[in-house]
Amino acid sequence: MTLLRPPGAEPERLFRARCIQCGQCAQQCPFHAITMDAGLNPLTAGTPWVDSSSSPCFLCMKCGNACPSGALKPVTQDKANMGLAVLDRDSCFTWGGVVLCRTCYEKCPLRGKALVLQNGINPVITESCVGCGVCEFVCPRKAVTTVPERELAKRRAKGS
Amino acid sequence: MAFFTRKTIRRCVQAGTAVAFMLIPYLNFSGVHFIKGNLLSLDIGGLVLADPLAALQTIVSSWEISITLLAAAAIPLLLAFVLGSVFCSWFCPYGLFSELVHAARFRMRPAAPKRIFRTAFLPRAAAVGVLLFGVAFFGMPPLLNQISMPGWYTRLMQGVWLQHAVPLAGAAMFFGLLSMELITGKRIWCRYICPQSVLLIVMQRIAPYRWRLVHDRQCCTCRGESPCITSCSLGLNPKGTPKALEGLCNNCGDCVAVCSRHGGALQQRFSGRIV
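Chains as they are written, first to last, in my numbering: chain R, 1 to 160; chain B, 1 to 275.
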């Protein structure tokens, strides 16, 4: 399973090497969005990830300052680089022409940059999306999935 | 008998540490962030502390030196350099539970502790060295953190308060080890395995002048199986050769307390290396 890392995380391999598993990012997170992995895989156990189904990352950017070992960097919102949201237009209310729903647009922390409205109506996720998972969390149709950065890197390497 | 004996003070500090790490995640959960972290790395109002082995693994694994981590690891190492590995006997939550289990077992079935190995430090240090090399060579995450008992105790508390879930691997290891120690009556983990104490022991070994156990032969009045030997929960012989004690005694002072009711031959004080 590829985990959605907190904002400002280094690339996965370096992140794992640097993460000291102290959980300070999780303890600092005001939204309790960061979970310390409780799984049995010794390579990832204790490392933080964002469980956007229970609470997404609202990009408050406090965790980067809490990290003592440099696995998370204090960065600005637009450089959070967690992943990318993918919108399934077939299940989206607005794209389907069912209802004029703008929930994802209203809630996006990078509204207007990461998420724009095509012709003022249809939501489109742009390259500026950092993958915080808010739209996935709020979407009434569950039409959005957040792809973690590592998964993206893998796909890029494959060239697809 | 005075309440504030050396042992009760030590127990209070140990229990205080164990309770503090129950409270810290709860405080964080309620929005207080003055103190946060676990025993792998702790932040007290901006002062960062770290388990030296965890810091070392992070450094060799990412192959870069972080000043924060170096400073964070230097504090516990300096403490061990000056006072010996008092972290194990005064602060480590696993040490507390292990000692309590050992004491309970001893009360149930008092038996003279049999010392199997005189020292098991070098093989342990070698094993840690090999694992560190593996971590460095393959760029692995800090794997030794997964067998850190103080780390797991604090991670369990973080799991319970922050995620309302228990990390099963850690819980199984923690309580499994405690029950093994209850069955065997030996403090297996602290005495023979704990990788986290290796760096502390190295520090106390290389310290030329530190807080250490001193045995004055001339005051010693006991012969044979003396109370100090039975009192040592690690199964060491406090009257033995200083060389054997050097690497394993964690300055808990239990033997000193017992000895003060006899000849008072055992004392703890700042002293140079005893040859």
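Keep in mind the hints are simulated off the structure, nothing from the lab. One or more of the hints may lead you astray.
What the hints assert, rightly or not - Derived list of chain B stretches under chain R, where covered just means 3 residues or more per stretch with a C-beta under 8 Å from a C-beta of chain R:
#1 231–240
#2 261–268
Claimed, not checked - Derived, one-sided and incomplete: chain B residues facing chain R with beta-carbon distance under 10 Å:
#3 Leu23
#4 His33
#5 Trp63
#6 Ile188
To be verified - Short derived list, chain R residues pointing at chain B, Cβ under 7 Å:
#7 Ala17
#8 Cys22
#9 Gly23
#10 Gln27
#11 Thr35
#12 Ala38
#13 Leu43
#14 Ala45
#15 Asn65
#16 Ser69
#17 Pro109
#18 Gly112
#19 Val138
#20 Pro140
#21 Arg141
#22 Thr145
Backbone N, C-alpha and C fix where the C-beta goes; we use that ideal spot for every residue, glycine too.
Against the structure, the hints:
Only when three residues or more bring their CB closer than 8 Å to a CB of chain R does the claim for the region 231–240 of chain B stand; here the count is 0, and the claim is violated. Counting residues of the region 261–268 of chain B whose CB lies closer than 8 Å to any CB of chain R gives 0, so the stated coverage by that chain is violated, three being the minimum. For the restraint placing Leu23 (chain B) at the interface with chain R, the shortest Cβ-Cβ distance is roughly 12 Å, beyond the 10 Å limit, so the hint is violated. Given the 10 Å rule on beta carbons, the hint for His33 (chain B) holds: about 6 Å separates it from the nearest Cβ of chain R.
Here the hint on Trp63 (chain B) is kept, as its CB sits about 8 Å from the closest CB of chain R, short of 10 Å. Taking 10 Å as the C-beta cut-off, the interface hint given for Ile188 (chain B) is violated, the closest approach to chain R being about 21 Å. For Ala17 (chain R), the interface hint holds, the least distance from its beta-carbon to any beta-carbon of chain B being 4 Å, beneath 7 Å. Here the hint on Cys22 (chain R) is kept, as its CB sits about 4 Å from the closest CB of chain B, short of 7 Å.
The interface hint given for Gly23 (chain R) holds, since its Cβ lies 5 Å from the closest Cβ of chain B, which is under the 7 Å cut-off. The closest approach between the C-beta of Gln27 (chain R) and any C-beta of chain B is roughly 4 Å, which is under the 7 Å cut-off, so the hint is satisfied. With 7 Å as the threshold, the beta carbon of Thr35 (chain R) comes within range of chain B, its nearest partner Cβ sitting at about 6 Å, so the hint holds. Among the interface hints, the one on Ala38 (chain R) holds; its C-beta lies about 4 Å from the nearest C-beta in chain B, closer than the 7 Å criterion.
Because the beta carbon of Leu43 (chain R) sits about 5 Å from the nearest beta carbon in chain B, less than 7 Å, this interface hint is met. Among the interface hints, the one on Ala45 (chain R) holds; its C-beta lies about 6 Å from the nearest C-beta in chain B, closer than the 7 Å criterion. At its closest, the beta carbon of Asn65 (chain R) sits 10 Å from a beta carbon of chain B; the interface hint therefore is violated under the 7 Å criterion. For Ser69 (chain R), the suggested interface contact is upheld, since its CB lies about 5 Å from the closest CB of chain B, less than 7 Å.
Contact between Pro109 (chain R) and chain B, as hinted, is not supported at the beta carbon level, the nearest pair being about 21 Å apart and thus beyond 7 Å. With a least beta-carbon distance of about 31 Å to chain B, the hint placing Gly112 (chain R) at the interface is violated under the 7 Å criterion. Annotation: interface hint on Val138 (chain R) violated; nearest CB of chain B at approximately 22 Å, more than 7 Å. Violation of the interface hint for Pro140 (chain R) is found here, the shortest Cβ-Cβ separation to chain B being roughly 26 Å, above the 7 Å cut-off.
Given hint, Arg141 (chain R) at the interface with chain B, is violated; its Cβ is 28 Å from that chain's nearest Cβ, farther than 7 Å. For Thr145 (chain R), the interface hint is violated, since its Cβ never comes within 7 Å of a Cβ in chain B; the closest pair sits about 23 Å apart.
Comparing the model with each earlier hint shows violations of hints 1, 2, 3, 6, 15, 17, 18, 19, 20, 21, 22; every other hint is respected.
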